[in-house]
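Trainee: All chains should be modelled from the sequences, with the hints used to inform the complete structure.
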Amino acid sequence: MTRTPDHSFRAEGLRVAYDSHVVIDGLDIEIPAGQVTVIVGANASGKSTLLRSLARILAPADGRVLLDERDIRSYSGREFARVVGILPQSPIAPEGITVADLVARGRYPHQGWFGRRSSDDDRIALEALTATDCTGFADRPVESLSGGQRQRAWIAMALAQDPDILLLDEPTTYLDVTHQLEVLDLLHSLNRAKGTTVVMVLHDLNLAARYADHVVVMAGGAVAASGAPAEVITAETVRLAFALDAHIMVDPVAGSPMVVPLSRLHPLTPASVPQSH
Amino acid sequence: MTTSLARPIAPTLPAVRRQLARRVALVSGVLAVLLAAIVAVSLGTGAYPISPERILPTLLGAGESKDAFVLFRLRLPRIVLGVLAGVAFGIAGALFQTLLRNPLASPDIIGISGGASAAAAFGILILGVSGAMVSLLAFGGAVAVALAITLLASREGLSGYRFVLVGVGFAFLAQSVIGYLLTRADEQEAVAALAWTVGGVAGARWDDIGVIAVTLVPLLLFLAALVPRIRTLQLGDDTATGLGLRVVSARYGVLAVAVALTAVATAYAGPLAFVAFVSAPIARRLVGGAHLAIIPAALIGAIVVTFADFAASTLIPGVVVPAGIVTGIIGAPYLLWLLATSNRGRRNA
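Protein sequence lines, in the order shown, are assigned to chains L and U.
Residue 145 in my numbering sits at position 145 of the first sequence; the count goes up by one each step and never skips.
Residue 126 in my numbering sits at position 126 of the second sequence; the count goes up by one each step and never skips.
Quick caveat, the hints were computed from the structure, so don't treat them as lab data.
These numbers were taken from a predicted model, which means no experiment stands behind them.
Just so it is clear, CB atoms sit at the ideal spot from N, CA and C, and this is done for glycine as well.
Heads up, none of these hints are tricks.
Coverage of chain L stretches by chain U, computed from C-beta distances (three or more under 8 Å per stretch; other residues unrestricted): (1) 55-61; (2) 90-99.
Short derived list, chain L residues pointing at chain U, Cβ under 8 Å: (3) 80; (4) 81; (5) 109; (6) 125; (7) 138.
Between beta-carbon pairs, the in silico distance windows are: (8) L:68 with U:30: 50 to 58 Å; (9) U:22 with L:76: 30 to 38 Å; (10) L:64 with U:337: 46 to 54 Å.
Mentor: Given below as C-alpha cells:
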C-alpha cells in the first residue's frame, strides 16, 4: 500500500453563521498531517460546524480554509473530494441500496462525466470492503444491517473515495460500546497503515483521549485548547469546556488520560481515589 | 477489529453489479415485450379490425390502402403519442421522486400537470385558441407552476418536503381555476376543455409527435450525463457534497429535465393522471435495490398509457373515453394504498 501524501490543512479567521446566529467566530486551526485529530466539546460548541466547514459543506461568512495553502473554494468539487472526504453524522442510505452499490458510489470523484468505471474503481472499492470487514454482507441492503455493520459500510464508502484526509462527524453515535471501539480501532489502523489523516468529532472524552494523537477542545465557537491528549485533557480544560468538575486518572490500559466526572452526588473524596494523576 | 484475508469473500463487486444489471435487462426485456403486445393488439382492434397477418405488411408499406389509412392516420399516431408521453411521464416521475425523496412527489400530485391544464383551459375557454397554441400554453403553465414552487420552496435549499407541500397547494389552486373557468363556459367549449384537462391521445397528429420526439432526444442525452450525479444525490446532500458534487446545480439540472419532460408530454397528451406517479415505484419494485430504474420506469409509463388508451377506446363500444380517465382508475387505488401504508414502512437511518 502506498503511503498517503501529506497535506497542509488549516483554517484561519474562520467565522461561520446560520442566518444571523454566529456559531464559530475567528477560529484558527491547523490539522496535523498523517495523524488522528479528535475534536471534542460541549453541545453547541461548534464541533460539527467546524467539521462541515472544513469539508466545504458550509461556506464561511468570513475567513478561509486552506488546503495546501490554497483556498478550498478555489478547488473543483471532484478535485477537492479526491483529497478530503467526509462521513456526515447519520447519513441517509437510499432505500434498498446494497453495501456493494453504496461503496461503489464512493468512487464518484474519480469518475468522468458519464460516470465511466475503471478497473481501479473495483479494486479500490473491494479494498475498502475488505478493510472494513464488509465483504461477507456486500450484497445485502444497508437497512438490513446492524448499527455497527451499517457504520462500517459507510466508512467503506468513505474509504472507496480514497481521500488523503478523512473527516468523520460522530462516527460512533448510536453504536453500543463494543461497536464504538470496533469503529475507532478501524479508523486508527487505517491511519497507521495508510497514513490517512483522520479528523473526527467525538462525544466521549475517554475515547477521544485514547484514540487521538491530537485533541482539539472547542468551547463557545472557538478552540479552547489543542495538543496531545496528555497535555490537553486536564481538569481545567474539562471545567472550561464542559462546565464539569472532573478527576483525571491514567487509563490503565491505554496510558492516556481518563476523565472521571464528578457531580453533587459523587464528589471527589480522598478515599475514593486509588491512584492520582 | 482486524482484517482477515482468509475470510471467504462472498460476492465480488462485479458479480453483484452484473446480477443487478441482468435483472434490469430482464425486467426491461419483459416490459418491452408486453408493450409490443399491447401495441400489436391496439393496432388490430377497433371498429375496422385488421388481422395480425395484415398489420406487418401494411406497416412496411405493402398493404391495402384502406388498412394503411386506418393504421397510419388513425391508430399509429395515438399509439406513438401514447408511448412517447408515457416514456416522458414515467421518467419525469422517477426523477421527481428520487430528487425530492418522496413517493408523493410526482408532477400530477404537485400541481405541475395541473398548471398545464389550467393554462390550457384558459386558452380554450377565454382566449378561444385551439391546436398548437393550447399545447404551447400548457407547456408554459407547467413551467410557470414549477418555477413558482421552486421559488417558494427553495428558501433553505430545495427540501423535498416543502416542495411537495407547496406543490400540493398549487395543484388545488389549478383545480379551482379550472373549475371556475368551466362554470363560466358554454357547454360545447366546456366539454372540449374538460377532455383536455383529463388527457388523452385520441387527437394525436404526426406534427405533434415530431415536436415531442425532437424535444425528447436532447433531454434524454442530458439526463444520461446527469445519472451519475443523481446516484450521488441519492446519498443525501452532505455526503454528495463530500463526494465533490455541486449539489445545488445538480438538483436544478434534474428538476429542469423533469419539468421539461412533464411539460412537453402534458402539452400534447394532457395530464394523464397518475402515470408519472405509479410508473417509477413499480419499476423500482421490479428491479430491486436502489437502482434508478429509469428505463423500466419509461417502459411502464408507455405500457400504462397505451393500455389505458386501448381500454378507453374498446371497453365501451361507441363511447370515446379519454385515456386519462383510465389512468386515473389505475392510479387512484395505488395512491390510497401508499397513503395508508407510508407511515408503517421501514425508515432507513
